[in-house]
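Engineer: Sequence:
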Amino acid sequence: MRDNTESRFHEEIRVTTLVFSYAHADEGLRNELEKHLSGLQRLGLIQTWHDRRIIAGQDFAAEIDSHFEAADVILLLISPDFIASEYCYNIEMTRALERHQRGEAVVIPVILRPCHWHALPFGKLLAATIDGKPVTHFPSWDDAFYQVAEAIKRAIATIAERAPATGGAPAALTTTVIPTATQTDMATAHAPRSSNLRIRRHFTDRDRDQARRDGYQSVSGYFETSLAELKERNPDIDIHFERTTTQAFEASIYVEGKRECHCGVWLGTSSIMGGDIGFSFGGVTPNSFNETISLTDDGYTMGFRPLGMAFYGAHSEALLTPEGAAEYLWSIFIRPLQP
Numbered sequence: 001m002r003d004n005t006e007s008r009f010h011e012e013i014r015v016t017t018l019v020f021s022y023a024h025a026d027e028g029l030r031n032e033l034e035k036h037l038s039g040l041q042r043l044g045l046i047q048t049w050h051d052r053r054i055i056a057g058q059d060f061a062a063e064i065d066s067h068f069e070a071a072d073v074i075l076l077l078i079s080p081d082f083i084a085s086e087y088c089y090n091i092e093m094t095r096a097l098e099r100h101q102r103g104e105a106v107v108i109p110v111i112l113r114p115c116h117w118h119a120l121p122f123g124k125l126l127a128a129t130i131d132g133k134p135v136t137h138f139p140s141w142d143d144a145f146y147q148v149a150e151a152i153k154r155a156i157a158t159i160a161e162r163a164p165a166t167g168g169a170p171a172a173l174t175t176t177v178i179p180t181a182t183q184t185d186m187a188t189a190h191a192p193r194s195s196n197l198r199i200r201r202h203f204t205d206r207d208r209d210q211a212r213r214d215g216y217q218s219v220s221g222y223f224e225t226s227l228a229e230l231k232e233r234n235p236d237i238d239i240h241f242e243r244t245t246t247q248a249f250e251a252s253i254y255v256e257g258k259r260e261c262h263c264g265v266w267l268g269t270s271s272i273m274g275g276d277i278g279f280s281f282g283g284v285t286p287n288s289f290n291e292t293i294s295l296t297d298d299g300y301t302m303g304f305r306p307l308g309m310a311f312y313g314a315h316s317e318a319l320l321t322p323e324g325a326a327e328y329l330w331s332i333f334i335r336p337l338q339p
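Residue 242 in full-length UniProt numbering sits at position 242 of the sequence shown, with consecutive numbering throughout.
Bear in mind the hints are in silico, worked out from the structure with no lab data behind them. No residue lacks a Cβ here, since even glycine has one placed at the ideal position from N, Cα and C. All clues given are correct.
Label pairs and their calculated CB-CB ranges:
1. Ala61 x Asp131: 34 to 42 Å
2. Leu337 x Ser288: 17 to 25 Å
3. Asp65 x Gly221: 35 to 43 Å
4. Gly221 x Ala61: 34 to 42 Å
Starting from the given sequences, assemble the full structure and let the hints guide the process.
Structural biologist: This is the structure we're talking about:
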């Protein structure tokens, strides 16, 4: 039996227009998100647009203006770069919120990367992910963008429900002729296209070394802040976090004075221990470990992959973000308190 929301989708004949507002530094994340929206596009439910669709000879600012004015849904892809961008923040975001307040469009914030956003003008809007969790803090981007796609489906259903109340299509769903250079240009901008737009990349040794260091820093910061939050929520426990070197730390959790959880994590060398980040219940012990995580790539992007020791679960082919790797190791660390 199909869900009612999906049934309503197929009863609608209108296509919801969706525009991305984003900083170019986040283009890779935007591309991944658009790939996750391919299902809605193939069903004829949405058509997407962003500024990379502007073709040579068109007026850049005028094209952005016209598409933002005609959009039914506007996604604000929030990151430190978005907030720092004068154009994204002062022009695109301002215009989007004005249309949202008038009921002409639905604005959905998508928090891509951690940043201070709750007090900003769009902070009162419900973010696409649960509790506004940043996309990069999910175990994988797939998990995050699934939630974003679900939020967009709900927005489409909400927009569709407005039509009967007004005796016809709401302003945001009324067919609009977008002024562009020519009708041919307009057709080109909205024509169906492949979501398979990734191209293979060559990663240098410097890229890999930086990614390894960044990955370890993400893990150490994740453990430190998670321990602090755990202590705040459970005043009866004690915690300890110590950076034993610039490339290693140890963490402990005590319940009624008894050490229930303990581990060491360190930045290693793949050729020595079979991984780039090591984990051991015995503390920092580079020559022995209970789990390791290795930096690898799929030809398009770099990520981390656990060795997947039998005790912790099967080996996975999915690449983890640095935050996903941190959550994986944290889950192993805190397991004794979660029988």
